[in-house]
Amino acid sequence: MTLRDLEPLRDAELTAVTARGVLAQRLMAMGFLPGARVRIVQVAPFGDPITVELDGWRISIRLSEAACLDVKESA
Amino acid sequence: MTTTTLTLTVAVAGNPNTGKSTLFNGLTGAGQQVGNYPGITVQRKTGRCRFGEREATVVDLPGTYSLAAASPDEEVVLDALTGHIEGTPKPDVVICVVDATNLRRNLFLVSQIAEVGVPLVVALNMTDEAEAMGIRIDARRLSERLGVPCVATVAARGLGLDELKAAVATALDSPGKFPPVAWPAAVLSAARTLGGNGESLRLLFDVDSPLVAARGMGASQSQAHEALRAAGLDPLSIEASTRYAHIDRLIDGISTKAGPKRGYRADAVLTHRVWGLLIFAALMFVVFSSIYWIAQPAMDGIEALFKWLASAAGAKLASKPMLQSLVSNGIIGGVGSVIIFLPQILILFFFVAVLEDSGYMARAAFLMDKVFAWTGLNGKCFVPMLSSFACAVPAILATRTIDDPKARISTILVSPLMSCSARLPVYVLMIGAFVEPNYGALAAGAALFGMHVLGLAVAIPIAFVINRFLLKSKPLPFLLEMPPYRRPRAKGVFLRMWRSGWEFTARAGTVIFAFSIVIWALMYFPRPPEVRERVTAELAARGVTEEKAVEREVDSAYLNQSLLGRMGKGAQPVFAPCGFDWKITIAVLAAFPAREVLVSTLGILYASDEEDETALRAKLAAASWPDGKPVYTPAVAAAIMIFFAFCLQCMSTITVIAKEAGWKWAGFAFVYMTALAWVGAVAAYQIGSRL
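Protein chains in written order, with the numbering used here: chain A, 14 to 88; chain B, 662 to 1352.
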């Protein structure tokens, strides 16, 4: 499943970055790397974008970008 | 930009939201110089600071997460660090500002900068916030691990700056060495094929990078990527995974474990789908009403002051009419037309600074992003767009908060379509003269509201078209850090206001002033004395001798045959399909300095008392073509309003666009808006007169 499909406030682990080009490079530079722990903490009023907690800090990304991040929900 | 060339340069680099600019302000004080990097719309801030015995130019580089040059900001950082920017020498020391609460991510950029081959000093900033979260970092141990001086600072309170300066002074003499990343052999050999210098890792890793294009390295990069793949490495992810593994080893055990992150609690309310939007709407109402209404008394005061100055100077120069007009109308009027913008600029930048420094601006962008995303704009475009309903000039200056260059240019290009306060006098005159008497107060209100909706309704699709078909570069991903909420510092806010006001006056003010003088000359010359004699004689023959009335008729006659008047008469056929006669055409041309000038120019042309708008309304209503038909029908009034809704008759906006985005875009904006205005006015007149 991708980060886009993750329920808000559920802990998950990033398993793969499927984005290409500049988007992939930026996401990884900011720490979206396999093994990172992520959690959706906010969904914007119109459903998009979402705010993701990563490594204790928060970043807002669009759903189309979240769809490029594969995650595995933590048990 | 620097007045004296200092031999030493110290650059300040770091991630956004690390207090980098606060630290820069703390080092340099208020004596900063602000401009743009050559040929690019990235702000360049420099100042001076003493480091030990030596004085250096300090450059505040844009905040970035990485050196991968995908945006103009990142390109500037990389070019500045490698000494590729004219007038900005390669820095002797780089101060890397890192957020102590987020050391790992911040060191990503630091380790990239180290590879460029410039001496580093790390400012471990916001240690107070970190301590409040239970993170304690021993700066001395960190210095040992990183091989470069690390100084704990709290820039917002000026703590640690002296130690930082001392560390920079030391690093100038004996730079440390940041432990190099243990790149796989394949990476190092691939980097050697790309020059083997400070840039070569960037040339290897950065995809779609303008740097690669600028160095003509596209083909070499593809070959190097092939080599990486052959060695079993993914060119896209190898940098981040190796670098972060390196950083994790460097900082292993360096800090106590973080407690819960603070400063996010307000998000539960401020980004809530009901409360968040309500609070957002309320805040935006406060911002907008402040620039729209609260600025008004200050603007009225400035206007009154300059009117008084003009008449005082005029009285002194009464014996030399040309000099009198040049000084009163040209020079004093020209300076006044620059100063008049300061109240709105200062008020808007007060709010921009508070919203950004508090962290709320990121939330506003988060809330509004969806509304804009389909046009190619993003949530950050909201505040400038809203502000442009008051005035496009401060709004365009505020587009600096938009970091995506594509979104920024399109916001700049459509902002002047929003119905600003300068259009109001035009609408009020036309609606008051032709809508209200014929259709009633309700229709007048609806017409005024409609004119305001019209700009927005046209701007959004135009933004879409501009983004889709005109701006070829790829859009940047929308990745927006949500910084913790922080209390804005008065010093930072006031510095920002001061800088934006000063920058506008210095950079745009001179051009606006020059425009004013040119327009004054076009409206003043030629001025043969026979015109005055003829008009006075004609009026005397009709028994009119009252001095004021005679002066009004003389002014009207002079404007008629001035260069601008002749241009208006010559251009009238172009505006005939809009239903404009030559007087309206002259007034349209004369309104180039600012739209509201239409009203005063019509006043002169109809020799109407300038204090009394009802007199002008009556004269307009009575104006007729040679065949006796009235000039001003409701269709013509509508055409005039539509023309002014869309046109870019505002030299200040044009100048600010040119200063922010270049004259090419300013010319484009003028041409497309004028074309739109003409088409709109023709449609309004042709359809309106057939109804």
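Hints are computed from structural coordinates only; laboratory data are not their basis.
All figures in this text were calculated on a predicted structure; none of them were measured in a lab.
Among the clues, some could well be false.
Said to hold, decoys possible - Only pairs whose alpha carbons sit at most 30 Å apart, straight line, appear in this in silico DSS-like list of lysine-lysine: (1) B:K706 - A:K85; (2) B:K1290 - B:K1135; (3) A:K85 - B:K1290; (4) A:K85 - B:K922; (5) B:K1320 - B:K1280; (6) B:K1280 - B:K751.
As the list claims (entries may be wrong) - Restraint-style ranges between C-beta atoms, simulated for each label pair: (7) B:R801 - A:S77: 41 to 49 Å; (8) B:T668 - A:S77: 23 to 31 Å; (9) A:T15 - B:K838: 14 to 22 Å; (10) B:A1175 - A:T15: 40 to 48 Å; (11) A:S77 - B:W1163: 47 to 55 Å; (12) B:V1292 - A:G34: 54 to 62 Å; (13) A:D24 - B:G744: 39 to 47 Å; (14) B:T1294 - A:S77: 50 to 58 Å; (15) B:W1163 - A:T15: 46 to 54 Å; (16) A:L22 - B:L849: 38 to 46 Å; (17) A:G34 - B:A929: 17 to 25 Å.
Think of the CB as a built atom: it goes at the ideal place given N, C-alpha and C, for glycine as much as any other residue.
The hints, checked one at a time:
no. : hint                        : result
1   : B:K706 - A:K85              : 45 Å, violated
2   : B:K1290 - B:K1135           : 55 Å, violated
3   : A:K85 - B:K1290             : 78 Å, violated
4   : A:K85 - B:K922              : 24 Å, holds
5   : B:K1320 - B:K1280           : 41 Å, violated
6   : B:K1280 - B:K751            : 66 Å, violated
7   : B:R801 - A:S77: 41 to 49 Å  : 45 Å, holds
8   : B:T668 - A:S77: 23 to 31 Å  : 49 Å, violated
9   : A:T15 - B:K838: 14 to 22 Å  : 42 Å, violated
10  : B:A1175 - A:T15: 40 to 48 Å : 56 Å, violated
11  : A:S77 - B:W1163: 47 to 55 Å : 41 Å, violated
12  : B:V1292 - A:G34: 54 to 62 Å : 59 Å, holds
13  : A:D24 - B:G744: 39 to 47 Å  : 46 Å, holds
14  : B:T1294 - A:S77: 50 to 58 Å : 51 Å, holds
15  : B:W1163 - A:T15: 46 to 54 Å : 48 Å, holds
16  : A:L22 - B:L849: 38 to 46 Å  : 44 Å, holds
17  : A:G34 - B:A929: 17 to 25 Å  : 35 Å, violated
Checked against the numbered hints above, the structure violates hints 1, 2, 3, 5, 6, 8, 9, 10, 11 and 17; every other hint is satisfied.
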